[in-house]
Amino acid sequence: MTVTCEIEFDNNPHGTYFGGQVLTGRVTLKLDKVKLVKAVTLNINGYSETRWRERTTGSTRRRRAQHTFYGREDYIASKTFLVGSNLSSQCSIEPGIHVYNFACQIPTECPSSFEGTHGCVRYMTNVTLVRPWKFDQNYTRCFTVLKVMDLNFDSPLLRVPAHSETSKTYCCWPCTSDPLALQLTLPQTGFVPGQNVPLSVLVTNDSHIPVEQLMVTLVMLVTYHSKPPSMPNSTFERFTLSTVKGDPVSRNCKKLFNYELRVPATPPTCFNLCGIIQIAYQVEVEAQVKGCHTNEQVSVPLTIGSVPLSQHVHIQPRGMPQQPLDVQGLASAPPVDPASPWAVDDSIPPPNYQEAIHMRSAASTSKTDDPDDDLEPVPPNTLNPDGSVYKPLYPVFDIPSPTAPPPSDWTQNYMAERAFVNPAADTDKDKGTWL
Numbered sequence: 001m002t003v004t005c006e007i008e009f010d011n012n013p014h015g016t017y018f019g020g021q022v023l024t025g026r027v028t029l030k031l032d033k034v035k036l037v038k039a040v041t042l043n044i045n046g047y048s049e050t051r052w053r054e055r056t057t058g059s060t061r062r063r064r065a066q067h068t069f070y071g072r073e074d075y076i077a078s079k080t081f082l083v084g085s086n087l088s089s090q091c092s093i094e095p096g097i098h099v100y101n102f103a104c105q106i107p108t109e110c111p112s113s114f115e116g117t118h119g120c121v122r123y124m125t126n127v128t129l130v131r132p133w134k135f136d137q138n139y140t141r142c143f144t145v146l147k148v149m150d151l152n153f154d155s156p157l158l159r160v161p162a163h164s165e166t167s168k169t170y171c172c173w174p175c176t177s178d179p180l181a182l183q184l185t186l187p188q189t190g191f192v193p194g195q196n197v198p199l200s201v202l203v204t205n206d207s208h209i210p211v212e213q214l215m216v217t218l219v220m221l222v223t224y225h226s227k228p229p230s231m232p233n234s235t236f237e238r239f240t241l242s243t244v245k246g247d248p249v250s251r252n253c254k255k256l257f258n259y260e261l262r263v264p265a266t267p268p269t270c271f272n273l274c275g276i277i278q279i280a281y282q283v284e285v286e287a288q289v290k291g292c293h294t295n296e297q298v299s300v301p302l303t304i305g306s307v308p309l310s311q312h313v314h315i316q317p318r319g320m321p322q323q324p325l326d327v328q329g330l331a332s333a334p335p336v337d338p339a340s341p342w343a344v345d346d347s348i349p350p351p352n353y354q355e356a357i358h359m360r361s362a363a364s365t366s367k368t369d370d371p372d373d374d375l376e377p378v379p380p381n382t383l384n385p386d387g388s389v390y391k392p393l394y395p396v397f398d399i400p401s402p403t404a405p406p407p408s409d410w411t412q413n414y415m416a417e418r419a420f421v422n423p424a425a426d427t428d429k430d431k432g433t434w435l
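Here the sequence shown stands for residues 1 to 435, numbered as in UniProt numbering.
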């Protein structure tokens, strides 16, 4: 007997939804013979889950204890009986094609779908044929849920240029070199997938150690937490989203570089919607120096949203009484249309949807490189229950990217400050030139 089950979503071929939308679709069962079941159920679930293993140090290598840390949160738990009920003992389904419609409201505060090595945020529909005295038959299809994160309402600081700097000296006792300074500047810190992140890097290498290469990367930092009854603990994971290999900088030289990093398909920043998985982003610039010295690194955090910053900022007209700023109202301002929250700005075209290629697609285990490690592999949590690989789809926008801040906006101020502190600074032409 052949049973075919198809789960389809209405007017949503990508299976991607925003919080607040209504998930609608239909389940199609095709049978060539009469099927006896206790019931046919449709379960729509949304949850986050973390799980990983760690060893604790014991008296011997073989006696080291292993601990499993885990956590779970549920966001959607809907169960519908398509055939039969919870009290039915046996039902018959006639041969042919049977269609069942369904609908489910997605809560507004659901965290975005995510797949990682030690955890996931997953949403799925599952059709179960409950059979008497036999194993149940399950058919599953996952769908993507995205939190509506409008950068225009998140924080006004996302429009403000960001600047970070660091310096490092190299020494061989008792001598100490002049510092190697890195300065990183971004025109804004709010972006969406599809945009380029422009950045300016000022390298002031007054040391005697040459910089062989600048490495510019956009990284996603994921923190996993466990929850009771598991022991409290946390672990971290780092994804490299985009990388650009920069230029070298000679010793006793100063140079200014402009680079761009593309934001690929990736979930929005998440700190407060999920209690066991937090997602953050940052731009890192690493100066890889020559010899046995520690590289220097500077970073600036980014906020990745699902609605880009608008080109037009609403300003209160002059003469009007100033109203108090309702921060809570801004943070929770509902979109006009939950299905297309970017439609409030006519200049933003609809995005296309792509897979996050940086996420884990293979079965992940907790095996280490230790040959004496006898840990059993952790079951893969990046696969569907039926064994097929699942990757969420995220919107990618085709909109103009901001431009890097002109050097005159901050480089000249920096040089003026150095000249004020030390009039002889920046006058030695033998130390290099500005680019």
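There may be inaccurate statements among the hints.
[Stated by the list, open to error] Within a straight-line C-alpha distance of at most 25 angstroms, the following computed DSS-like cross-link-like pairs (lysine-lysine) qualify:
1) Lys79 <-> Lys134
2) Lys168 <-> Lys254
3) Lys35 <-> Lys134
Simulated from the structure, these hints should not be mistaken for laboratory data.
Against the structure, the hints come out as follows:
| no. | hint | in the structure |
| --- | --- | --- |
| 1 | Lys79 <-> Lys134 | 21 angstroms, holds |
| 2 | Lys168 <-> Lys254 | 15 angstroms, holds |
| 3 | Lys35 <-> Lys134 | 13 angstroms, holds |
Checked against the numbered hints given earlier, this structure breaks none of them.
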